[in-house]
Amino acid sequence: MSKPSSKSKEFFIDIDDETQNVNQQSGYVWEEEYKRSWDVLQEDEDGSLKRSIDHLQNRLKRKRLLRDTSTIRRGIIRNMFLIIDLSEAMMEKDLRPSRLDLTLSYAEQFILEFFDQNPISQLGIIVSKGGVAERLTGLSGNPMDNIIALKNKKNIDVDGEPSLQNSLELARSSLIHTPTHGSREILLIMGSLTSCDPGDIYESIEDLVKDNVRVSIVGLSAEVQICKYICKRTKGTYGVVLNEAHFKDLLFEIIPPPPVSVAQSNSKLVMMGFPSSVNQSSPYLCACHNKPVTSGYTCARCNSNICDIPTECPICELTLVSSPHLARSYHHLFPVENYTEVPWNSATTTHCFACQISFPSLSERTLPKNLETSSGRYNCQKCNQHFCIDCDVFVHEAIHNCPGCLATSQNNLKSLMGQVNGNFENYENYEKMNLS
Amino acid sequence: MSSIKDSVTVNEDDANLLVLIIDTNQMNWTKVANKQAMGNCLTLQQILRQLLAFINAHLALKHDNEVAVIASHIGVSKFLYPIPTTRQKTRRSHGDSDQSSNSNMYQRFRVIDDQVTSNMKALFENEALKSCPDKVSSMMAGALSLALCYINRITKSDEIGHIKSRILIISVSPDSPYQYISIMNCIFSAQKLGIPIDVCKISESDNSVFLQQASHITGGRYLRLSIDQSRGFLHFLMKTFLPDRFVRRHLCLPGDEKVDFGAACFCHKKTINIGYVCSVCLSIYCQQLEECSTCRSKVTNGVKRSKTNESL
Ligand SMILES: [Zn+2]
Ligand SMILES: [Zn+2]
Ligand SMILES: [Zn+2]
Ligand SMILES: [Zn+2]
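Residue numbers (the working numbering), protein chains in the order written: chain A, 1 to 436; chain B, 437 to 748.
The shape of chain B in the complex, shown without the other chains (with noise of 0.2 Å):
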């Protein structure tokens, strides 16, 4: 499954793509914060200030590394940063931040530090999101494939394939089993691409399985951080996730563990080693049926070799 993967070459003075997605439901971060002990709670706008730090830190690394932020909400995923702006606007936005924040700060990273920051507060101030029945899960299906479109764009538009793209993803939500097929699409075309999705789960117990096989059939790193160790949470990105695909290969990163893609069966849920597919619709029994109750279908028995049915 790895031989389309190893077919991109990286260089080390290959520019770097960094699309960031940030699962903001707020439901699970307050769960998060909740859990910390008293005194050294870490809330999502901590998370964000670090993350900024992380994010100035990749650009730093290569004067044109580039970045984009990608919020995974609750029944919403867009774009933090870049967006697209009418002129006037941008410079009016810069004409505000000049006065708010530090005149000393270089200017690039406080364009990226501003935008991120005034589209999450209105990603968060927007009305019509708060109605959203389903607020356990987050849009990560979406934020993806977003991710994807614009990695495509952006590898488009640069003829002597310099530009490499990584996804980062920092999850806190439980995985929505609603979503499985389209994720399972966005690895698979992550993986045709070649472009590696590394995973920081933050979660006290529950690893991401969803998550856990991006990063795996990707070529990703997976990192979980229980809710204590996420205080050192900067620690932690800039050592795992910082370093680029070309420095990856002669560092020893934590997360490389191989993972078992254990299959359960449709009817019971529990995990089989050997099951019977449907091969209409691939739905997997762990016994003979009459019926394939997902596509419907009769099932005719497999000893006999009816060949009046086939018509192919």
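One chain only, chain A, in its complex shape (with noise of 0.2 Å):
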């Protein structure tokens, strides 16, 4: 059994250092040493503690921020399967309140944020057990339709051994179906150690790389060999757990699209439909759950009844979306470039600049010997507006606009944007569409 190592450099586009020397400072919780949590605090002149425990949580905070804002292209459209492992080895309770319940609810909550990040990609899930594999859900655009399939407690028995490679090969079988302009990917929840295959899974690996399937795996108890192996070779990402925090962190990294290879620099056009809504006062069927209903939307080209976009049509198999959904996906394309830490030497400003919080002055900055000290101020390149640390992450993290460029004198504002990709010469088109 071999320490996880944290994530290796050459599959990880957005590694910042620090987050690297935070992985390997931890590792499992039963191998942290005793740590005398007081003595990192230390009491200001007031005798005060909560200046340096905001310290704290500012810098754990800003670790998972930085992100690559660089101008890659990402794959906008993916079709994934969930592949969770309901072996015996998921009722360890290592993790709190036992492996596979943690499990199932984080995999809800994946499942919502993957469809608000990823509004027209599709997602299906596979369980692995008792030697075989089982697929709950086929790929789908419906985030409740997936969810509900978990919380059925039929379908979330544990039994026996998994079998890593009949749930890869099932996955593989779906996922050849999907057209080439989406990407293919898998991610699989493994706590069990061992697996039950029926022949080489060696094979089924080459399979999937010349299909161009991504898996990326997350392991609950220790790094396996042929987990790394597998994705080394399908170029996803491979992370083993060491508490609850972190596996969510683990599964969280795999929301944002993936950068699609500069080799792939052809586009397709997607046929779509943007279907009409109907409002009818007598309920009909919907062609999707076939239940009654009276509002919904009508397929662009089979004019079938659908309850909820954004989907496939069940009829003719034409993907049905609205502008909103597309438009929920730009902030991909232009990501809002990291703030940097202000020095303490350069913090002239008095309060930040979005959300007005007044900024530690330079007389308040005492603070213990054993804390280098920040000056709370993060600048934006752009419009150079100093902004408060949860600003700094909810505008990265959440609004994707830097309230700066966006409030401030800029007559400009068009290059702007222009800037942040250079692939987009006509950006105007987009503001355009919903004009008409």
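Simulated from the structure, these hints should not be mistaken for lab results.
Treat the numbers as computed from the prediction; the structure is a model and nothing was measured.
Note that beta-carbon positions come from the ideal geometry of N, C-alpha and C, so glycine has one too.
One should not assume that every hint holds.
Some residues of chain B that are not near chain A, with every Cβ distance over 10 Å (derived) [claimed, not checked]: (1) D449; (2) V468; (3) D550; (4) H598; (5) L687.
Cβ-to-Cβ under 10 Å is the rule here; a few derived chain B residues that face chain A [unchecked claim]: (6) P520; (7) L584; (8) R589; (9) I619.
Straight line, CA to CA, 20 Å or less: simulated SDA-like cross-link-like pairs of lysine to any residue [stated by the list, open to error]: (10) B:K628 to A:D390; (11) B:K705 to A:S323; (12) B:K628 to A:D116; (13) B:K557 to B:Q482; (14) A:K93 to A:L193; (15) B:K706 to A:P324; (16) A:K232 to A:I201; (17) B:K706 to B:Y721; (18) B:K592 to A:K93; (19) B:K705 to A:S276; (20) A:K248 to A:M91; (21) B:K628 to A:D308.
Got two chains here, each in a separate frame; can you build the complex from them with the hints?
Structure, rendered in structure tokens:
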């Protein structure tokens, strides 16, 4: 059993040194040294601990934030299978409340967030137990169908050993039918250290490589050589969980669309339908669930009734979206650049530009000696406004707009946005789309 | 799409934070005033007076209700209230207002009224902004971003989840196409945080497509007032936008119609039902093309499945 190596460099585009250091410092929960956590905290001159606690918290918040904002293309349209190990190893209680319960609740959060960030993508679920793999849901664009399948107690009994090969083959056989403009991905949550495979798994791995399927694995117990090999061969990521929070981090790293290699510079034009909504006084049956509904959408091609979009028409298989769904993905194309930390000698501002909270002033700088001091200000290099740590996190994780750039006298907003991604010369196109 | 916003539970005794975004583009307010029949001109000044009455009404509803006011101006968006001031400054402004305004007025109303009015005055007197070339639109995306950051801060500092926020936009300017992406980003994060965006649009004929989407997606109210109706501006504000999120569930408020988001192709700007979407940049076209005109990537024929091009 080897110690989980922190994510290896060649597969991760957006690695920053700080994250890596933090990962190396902390090991398994039970390996952690007995830490006298109160030694780290020191009182300030008023006898208050608040400031030094805040300081520690800020460093943690920022750790997760630094993202890759370079202008790489990302595969916006994704097809993903989530494979969940339902072997007896999942009943272990080293993650609380148990590996299985935690996996199921994180899987639910993962699915919601996945569809929020990738609205025109598709996801299906496969479970593996007793040496076989079983498909719970096929690829679909509906988060609720997937979550309901996971909530069904009948689907989540544990039994025997998982089968790595069977589940990968099952996922692959469904993924090869997806059109080539979308990415093909597998995310595997693996609790067991063993696998029950019917044949040569290396052959299956070569098939996955041939079909451009990217496999990422999150291990719950220890690093397994074959898992590492699969991820390396298929250009996915492999991580082993240290504790509950790290589990979530590893899962949620999969949510932003993956970068597309430069070689794939060609695009495809995908046919999509923009359905019109209908409201009727008397209920009718929807084509997707055969349930009576009174409002919904009609497919733009075959006029069948659908209850919600985005989805694929169950009758004619046309992808049905609305323009706001497409707009939801635009922030992947135009990310906000990382803010830089402002050193004390240029900390002239008194309050955060966005939320108006006041910054610590130079006179309040006194901090415990064993902590490096931070001015609490973060600077946008485009508009040179200063923001607090909370706004920094919020801007990059939620809004995806720099409030400073949008709120200050920017006569050339257009040129500014154009710089974000040199590829998008006709940026205005987007903006006109909803004006007609 | 509504699964997230329903997860926020509102209670009767919640405190309400109202973030009011006022479009202060003088150009467009002048247009509104000019269109009106002589004698009953509705100027920005009158609107402001009615808005202050509305703010006071909001604060009077509950002792712990809060308000923030942001101006979406030509070329800049700015907080009008609250603004961080040094201690002496606040004292001085109190001294000023004691003489000028009614001393019978409730202290809190007066502080807010004075600050909003004086900050707005300062905004109009700012010479630098007068040279801004784009005089037609206002910085709505910036104002929305500021509002969301402020709400994020207030929500974070309130650990028991007692404060429920909402945004009200008073808009008079037409949509600025350059702000489409940033406004949409704001809308989606508001939806995720469960913050309804209410919109009051004062315009003779045009609806604001962006803001209509904002209120539709976030579960807010959209109300368009024609210029004649806007004489009863305060009345509409009170009846439509004053009820808090708890009370709204029991009310039948105007402006709850379904909005259709038709898509228009980038090439001819015509509305389409079925279109072709570029898999790299999500541009919409009404026909197959050789090259995507937005991201300049070559389009491979959808029929031939050339696996050599795919390297994922
Ligand atoms: Zn159809
Ligand atoms: Zn801030
Ligand atoms: Zn900026
Ligand atoms: Zn394109």
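A quick look at each hint next to the structure:
Against chain A, the non-interface label of B:D449 holds: every CB pair exceeds 10 Å, the least being about 25 Å. With a cut of 10 Å on Cβ distances, B:V468 stays outside the contact zone with chain A, its closest approach being about 21 Å. Distance check for B:D550 against chain A: the nearest CB is about 18 Å away, which clears 10 Å, and the non-interface claim stands. Consistency note on B:H598: stated as away from chain A, and its beta-carbon is indeed over 10 Å from all of that chain's, at 18 Å minimum.
Its beta-carbon lying about 21 Å from the closest one in chain A, B:L687 satisfies the requirement of being farther than 10 Å from that chain. A distance limit of 10 Å between C-beta atoms decides the matter here; for B:P520 the minimum to chain A is near 4 Å, and the interface restraint holds. The interface hint given for B:L584 is met, as the beta carbon of that residue sits about 6 Å from the closest beta carbon of chain A, less than 10 Å. At about 4 Å, the closest approach between the beta carbon of B:R589 and any beta carbon in chain A falls short of 10 Å, and the interface hint on this residue holds.
The criterion of a C-beta within 10 Å of any C-beta in chain A is met by B:I619, whose closest approach is roughly 9 Å, and the hint holds. At roughly 17 Å between alpha-carbon atoms, B:K628 and A:D390 fall within 20 Å of each other, so this suggested pair holds. A C-alpha spacing of about 13 Å is found between B:K705 and A:S323, which places the hinted pair at or below 20 Å, so the restraint holds. Between B:K628 and A:D116 the alpha-carbon distance is near 9 Å, which keeps this suggested pair within the 20 Å criterion.
With a CA separation close to 14 Å, the supplied pair B:K557 and B:Q482 stays within the 20 Å bound. At roughly 15 Å between alpha-carbon atoms, A:K93 and A:L193 fall within 20 Å of each other, so this suggested pair holds. Restraint check: the Cα-Cα separation between B:K706 and A:P324 comes to about 17 Å, which is no more than 20 Å; the hinted pair holds. At roughly 15 Å between alpha-carbon atoms, A:K232 and A:I201 fall within 20 Å of each other, so this suggested pair holds.
Only pairs whose Cα atoms come within 20 Å are accepted, and B:K706 paired with B:Y721 is accepted, the gap being roughly 10 Å. The suggested pairing of B:K592 with A:K93 is violated, with an alpha-carbon distance near 32 Å, which exceeds 20 Å. Distance hint between B:K705 and A:S276 is fulfilled; the C-alpha atoms sit about 18 Å from each other, no more than 20 Å. Restraint check: the Cα-Cα separation between A:K248 and A:M91 comes to about 18 Å, which is no more than 20 Å; the hinted pair holds.
Among the hinted pairs, B:K628 with A:D308 is consistent with the structure: their alpha-carbon atoms are about 18 Å apart, no more than 20 Å.
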